[in-house]
Amino acid sequence: MDEKRSSRRCIKAMSALLAVCLVSLSAAAAESYQPPRLASGKPDFNGVWQVLNNANYNIEPHGGQAAMALREGPVVPVPAKEVLALGAVGAVPAGLGVVEGGKIPYQPAALIQRDKNRQNWLTSDPEIKCYLPGIPRATYMPHPFQIFHNDEALFFSYQYANAVRNIYLTDPGPAPIDSWMGLSWASWDDDTLVIKSSGYNDRTWLDRAGNFHSDVLKVTERFTRTSDHTIYYEATLEDEKVYTKPWKISMPLYKRVGADDRIQQFNCVEYVEELMYGHLRKTPLEK
Amino acid sequence: MTYFFKLLGFLVLALPAVAEDYAAPRMPWGDPDLQGVWTHAYLTALERQALFPSLTISEDQARNVERMGADLLANIDKLPEGDLVKGDVGGYNSVWMDPGKKMLRIDGKARTSLIIEPENGRLPYTAEGGKKSREVYMKARARNNPEQLMLGDRCMVGFGSTGGPPMLGVLYNNNYQFVQTPGYVMILVEMNHSVRTIRLKGERLPADIKPWLGDSVGHWEGDTLVVETTQFHPQKLFRAAIAHRFMSTTDTKVVERFTRTGAAAIHYEYTVEDASIYSQPWSAETIFRPSEGPIYEYACHEGNYSLPGILGGQREKERIEKSEG
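Chains as they are written, first to last, in the numbering used here: chain A, 1 to 287; chain B, 1 to 325.
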């Protein structure tokens with residue numbers, strides 16, 4: 001009798017232990033990664049981050065090509081004369097694209113505009129003149145950005161063009177005026193940082209391939225830390241003037257570590273003065 | 001003069017006392033909290049003007065200066081009827097200006113200059129340094145090449161020394177946002193969205209890298225943030241603004257000290273050292289106080305109609321002179 005009772009007790013204890021084990025296992029699976037946290041317990045996004053893709057050439061899937069600006073060749077398109085001297089440095093590497101579903105759902109007139117933009121890339125891409133990049137393009141420019149984050153402040157400092165975003169921690173209401181970098185505010189969806197932004201002007205592009213938006217653009221970005229060195233980044237773009245429906249891009253962001261954990265200055269205004277104002281010199285240089 | 005020294009001695013002694021009485025709020029990792037949006041817009045200029053006899057003036061005199069400042073702004077909007085005077089299309093009206101309405105007051109006394117050392121409140125240029133600063137300024141007025149114009153006109157950084165360091169007032173946009181993280185103090189300069197990323201206890205950049213705002217490395221001395229900056233961009237020479245202007249070179253060394261002295265005050269003092277143009281280091285001080293609102297985007301280069309206007313106007317003038325001459 002005693003033996004039976006003790007064995008029953010033993011089975012009970014074992015199943016209880018097993019249950020505990022199973023519960024903790026499934027919890028571990030759900031929260032496989034625990035990010036560093038701020039004093040409040042929210043995930044900490046401090047650091048210097050950068051993409052390792054080439055979405056800035058074209059956020060849609062694209063094959064490689066000899067240059068961004070091409071002209072008709074006798075057999076295949078060849079680099080336009082303005083960029084010919086760059087050789088392989090000016091060539092475009094292929095990219096898988098970052099658009100969910102592959103294609104941006106343009107309205108018909110907008111698609112025509114996109115193709116015109118692409119045709120006139122050299123004179124129309126705001127990046128060529130070192131203009132502020134807008135969102136989401138700032139995220140996947142070929143430059144790092146630094147996030148300054150604590151419970152009272154969230155600030156993005158981009159290497160390209162010294163672009164900045166101060167992210168409000170409560171809803172600031174509608175933007176008082178349109179701007180290049182928009183008006184952004186943060187909220188949390190569990191451990192995911194959600195940044196909603198609007199108040200953009202219609203002058204920034206989404207990449208070098210002429211993909212664009214209008215001044216009614218609304219962007220919802222989601223930042224989720226997936227390891228000590230990665231963030232999973234998603235952005236949903238809504239723009240009723242340009243797209244038929246909201247659409248999404250996603251990509252990993254990588255943390256720069258060690259000696260690379262720095263952004264440098266790329267003010268870039270000084271690099272376009274000859275391009276923009278060279279013709280107004282007292283003695284213009286030979287073109 | 002004895003009185004002046006006594007007064008200066010009193011001020012020097014009085015400042016740390018204020019700081020000691022006040023316990024600055026802390027960031028979660030223990031650093032004093034300097035965060036927020038701050039401004040240092042005052043009518044007090046960097047250098048003391050000849051009409052002021054000493055570092056401080058009476059409250060009555062200060063209010064007079066403030067009234068004159070307000071009148072000056074109001075008069076800008078009073079344009080004459082009819083056509084504008086030939087050759088003068090005017091500039092901003094007062095709605096665009098925000099140079100400060102009050103004189104700087106430290107310990108309740110109105111200041112006539114930000115400079116406290118040398119005692120005369122003037123920049124201690126050597127003869128050679130003074131000559132150089134005039135030459136650089138005159139070159140910018142020649143309007144021959146974009147690279148020779150003022151950095152503010154080029155939208156490279158803000159006007160004058162708004163981004164500094166040291167950070168000085170300009171005609172408008174005198175607001176700064178401070179954000180701190182472990183290892184960093186970030187200062188957003190409103191004009192031209194310049195960012196000062198101050199690395200705490202960091203190593204200097206290699207000598208070949210010379211950013212527009214220099215290379216800043218900081219550390220805490222007690223509750224004071226001390227920031228040392230040098231390696232300025234070689235084109236950052238004359239920092240021209242209306243009330244605050246001075247010359248610097250690539251090798252100018254700036255040491256800034258930020259101390260939170262109250263809920264609504266950061267005491268900001270700095271020393272500028274450059275034996276190639278100044279006969280001695282000079283020091284100045286001011287107070288950052290809370291700004292009235294958030295900072296919005298200041299996009300400069302994207303709408304820079306002035307630079308092609310300045311250069312194109314000069315070319316047109318030359319064309320007319322040639323055809324007339």
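In case anyone wonders, no lab produced these hints; they're calculated from the structure.
Incorrect hints may have been included.
[Said to hold, decoys possible] Where chain B lies over chain A, by a calculated footprint (3+ residues, C-beta under 8 Å):
#1 105 to 119
#2 130 to 143
#3 166 to 179
#4 231 to 245
All figures in this text were calculated on a predicted structure; none of them were measured in a lab.
Glycine residues also receive a C-beta, built at the ideal position from the N, C-alpha and C atoms.
Okay, the hints, checked on the actual structure:
Note: the region 105 to 119 of chain A has 0 residues with beta-carbon separation from chain B under 8 Å; the three-residue rule is not met and the coverage is violated. With 3 residues bearing a CB less than 8 Å from a CB of chain B, the region 130 to 143 of chain A meets the requirement of three and the coverage assertion stands. For the region 166 to 179 of chain A, the assignment as covered by chain B holds, since 6 residues bring a beta-carbon within under 8 Å of that chain's beta-carbons and 3 suffice. Coverage of the region 231 to 245 of chain A by chain B is violated. Counting CB-CB distances below 8 Å, 0 residues qualify, and the rule asks for three or more.
When each numbered hint is compared with the structure, violations occur for hints 1 and 4.
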